[in-house]
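Chemist: The residues making up each chain are set out below.
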Amino acid sequence: MRPAMVLCIDDEAVGLRVRKIVLEQAGFQVLTALDGETGIQLFISNDIDIVLLDYLMPGMDGGEVAVELRRTKPWVPILMHTACVDLPQKTVNMVNSTLPKARGPKILIDKLQQLISASQLQEER
Amino acid sequence: MHLAEFRRILKQAFLVPFLTLLVLGGILFWQTVVTRKAQYDLDHCDRIRTRIAELERLIIDQETGLRGLELTHDPSMMAPYKAAEGPIQDRFSRLHDLLADNPQQLGNLAQAHDHYLLWLGFAEEIQSNPSEFTDVQQNHRGKELMDAVRESLRTMTDTEDRIRQQDQDEAASLEQQEQVVIVAGVLLAGILLSTFSLNRLRRVSSAYRNSLAALQRQSDEIFESREWLYTTLSSIGDAVIVCETSGGIQFMNPIAEELTGWPLAEVRSLPLQQVFHIINERTRQEAENPVAKVIRMNKVVGLANHTALIARNGTEYIINDSAAPIFDKDRKMIGIVLVFRDTTEEHRKEAALIASEKLAIAGRLAASIAHEIHNPLDSVANLHYLLARETDAAKRAEYLAMADQELNRTLQISRTMLNLYREPAAPVRIDMAELLESVLLLLHRRLANQQIAVEHSFKGSFIVEGFPAELRQVFTNLIINAADAAGYNGKIRITMAGIPAAELHGGGVEVVISDSGDGIPKSAKEKLFQPFFTTKGEKGTGLGLWVSQGIVQKHGGTIRVRENGPDTLPGAAIRIYLPAQTIATATSRSTAYLE
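So the protein sequences, as listed, match chains C and B.
For the first sequence, position 124 matches number 124 in my numbering, and the numbering has no gaps at all.
Quick note, my numbering runs 1000 ahead of the 1-based positions in the second sequence.
One should not assume that every hint holds.
As the list claims (entries may be wrong) - Pairs of lysine-lysine residues, derived as PhoX-like cross-links and limited to a Cα-Cα distance of at most 25 angstroms, are as follows:
| id | chain 1 | residue 1 | chain 2 | residue 2 |
| --- | --- | --- | --- | --- |
| 1 | B | Lys1349 | B | Lys1329 |
| 2 | B | Lys1395 | C | Lys20 |
| 3 | B | Lys1293 | B | Lys1329 |
| 4 | C | Lys106 | B | Lys1395 |
| 5 | C | Lys73 | C | Lys90 |
What the hints assert, rightly or not - Partner residues are not named here, just some residues of chain B that face chain C (Cβ under 7 angstroms, in silico):
| id | residue |
| --- | --- |
| 6 | His1374 |
| 7 | Asn1375 |
| 8 | Ala1448 |
Simulated from the structure, these hints should not be mistaken for lab results.
Idealized CB from N, CA, C, for every residue including glycine.
With these hints in hand, go ahead and build the complete structure from the sequences.
Modeler: This is the structure:
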């Protein structure tokens, strides 16, 4: 079984770099994008297992990116990972789960694995 | 009745009786003249008769003398005869004069004279030859001649008697007529005068009654309108005090009685300051007496903000008030009317509203701080996780350097925030260009997210005095409003210009913020600066512009919607003027007052 492929979309360059290292050490394959448009292109051209999505970004925000992702591959789970405290309800409803930033890498990794297993279970069924 | 008509009646009341009596007097005078004429006629007859009688007696004297001569032939017997000659001629000529107006009597007189002359001829004969006079025949002839004289004289007397009788009858009838005229005239004049006076008096009295009724009506109306005004003044929901120009109180309505704690009955003519004791709520200094201020300015004046009224029992009310001069029809000031309202509750509400807007701002600020800080914190937490597992020294050093960088960033953010929102105690010199740049920096992410382009170029330095955090709040508000109005891919233009001092304001800075949105709907324009007015639905508190206005006004500036021009974008354009020198103090916070 190949390692799960995670797509991280975030405009925070340092945060993205550190997150990539953490996730790779945890056994994930990681693709990164600094804005929504790049993220969507990577999403379409790669076999992505889960998307880790920031909300506040220049250009398209997380909500708009999520709409596009759902439109192309609705089965891929999305975890909204943001420092933003007042997410619009319709975005919350669209993604599989949300996780505020700065809660620590353990929670992030657990959450990713949880969502991937859930989606794999659904696929098998 | 007009005064002119009344004067006419007065003239009539004098002239009519005067003329009536004049006519009556004329008639009586004429009657007297007629009566006198009748009396004269009677006297005339009497004179004629007297003369005739005298003539007869003189002729008899002559005859007696002649008879004496006849008997005695003594010429001395002729003395009476001679004596009578002259008077007889005299009587004849007098009678001729008296009877000149009566031809019949003149004829009679001529006859009598003729007869006398005949007798006189006879008498001459006898005198020339008295001895012949013994003849009986002669004697008889003398008697006949004398009888003729007497006869003609008697005829005259009879005629005159008849005339006199006629005159007398005439006089009697005249007298009767005169009585009738007098009685009738007096009666007529009496009736005329009394009827006239009655009629005129009636007119005057009816006019008097009418004017009395009109006066009563007028006085009723005046009373009613007084009552009405009094009731209206008493019913006004605001407190009203009316003063003389000397400052003495004339009137107070029940609300003013309630607020001052003084009953009207006790305050009449008391000086205003004693009853209407006002101070500045903050400085606790006596406020200027509004009556003195109105007299000084000669126009309507409003009270300064934060004026507190201290009631008789010491209760303090924040009041809103205006004082206006009362002018009479010649524009002479005859009093001052003071209208005020207890706004204590409003002030409390206002303070609460400002506090709630501040909380909302604090909330928004907290959210943005959380966002800014959680991003580097997230990296630090991840790096901490990696460091705990990493054994390679080079990688550990790299992670530590990155963590250090992210922690520095966090510190930087918190410092910037603190600097932005820490308020100095007194107004400081602010470079407006710098301030606006810092606001734009803070909003950069938000504006970038909406792809909003901000056009601005601030050339030169624009210095004003003020409180930077509050002004930042104002411009943050206005730029966020502009961004919301411009929408995705929209534009905002900010221009800044120095304003030279003019008559109505000092020198300062003008900032115009315009956007590419749809502009402000006409219906919203008037309410724009009112509290709780929002076009953003649940996203806005509706207090932003209201608080902004309060802050700008506190700085002595103005904020208003501007007409669009070549220098603005087509959407809404807001102009903010801030004076170079402010009168604002740290204690006079941004308590916006409702205009």
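Chemist: Hints first: check each against the structure and report whether it holds.
Modeler: Here's how the hints hold up against the structure:
1. B:Lys1349 - B:Lys1329: violated (43 angstroms)
2. B:Lys1395 - C:Lys20: Measuring from Cα to Cα gives roughly 15 angstroms; hence the hint holds.
3. B:Lys1293 - B:Lys1329: holds (22 angstroms)
4. C:Lys106 - B:Lys1395: holds (20 angstroms)
5. C:Lys73 - C:Lys90: holds (19 angstroms)
6. His1374: holds (3 angstroms)
7. Asn1375: holds (5 angstroms)
8. Ala1448: Cβ of B:Ala1448 sits 4 angstroms from chain C, so the hint holds.
Of the hints listed earlier, the one the structure fails to meet is number 1.
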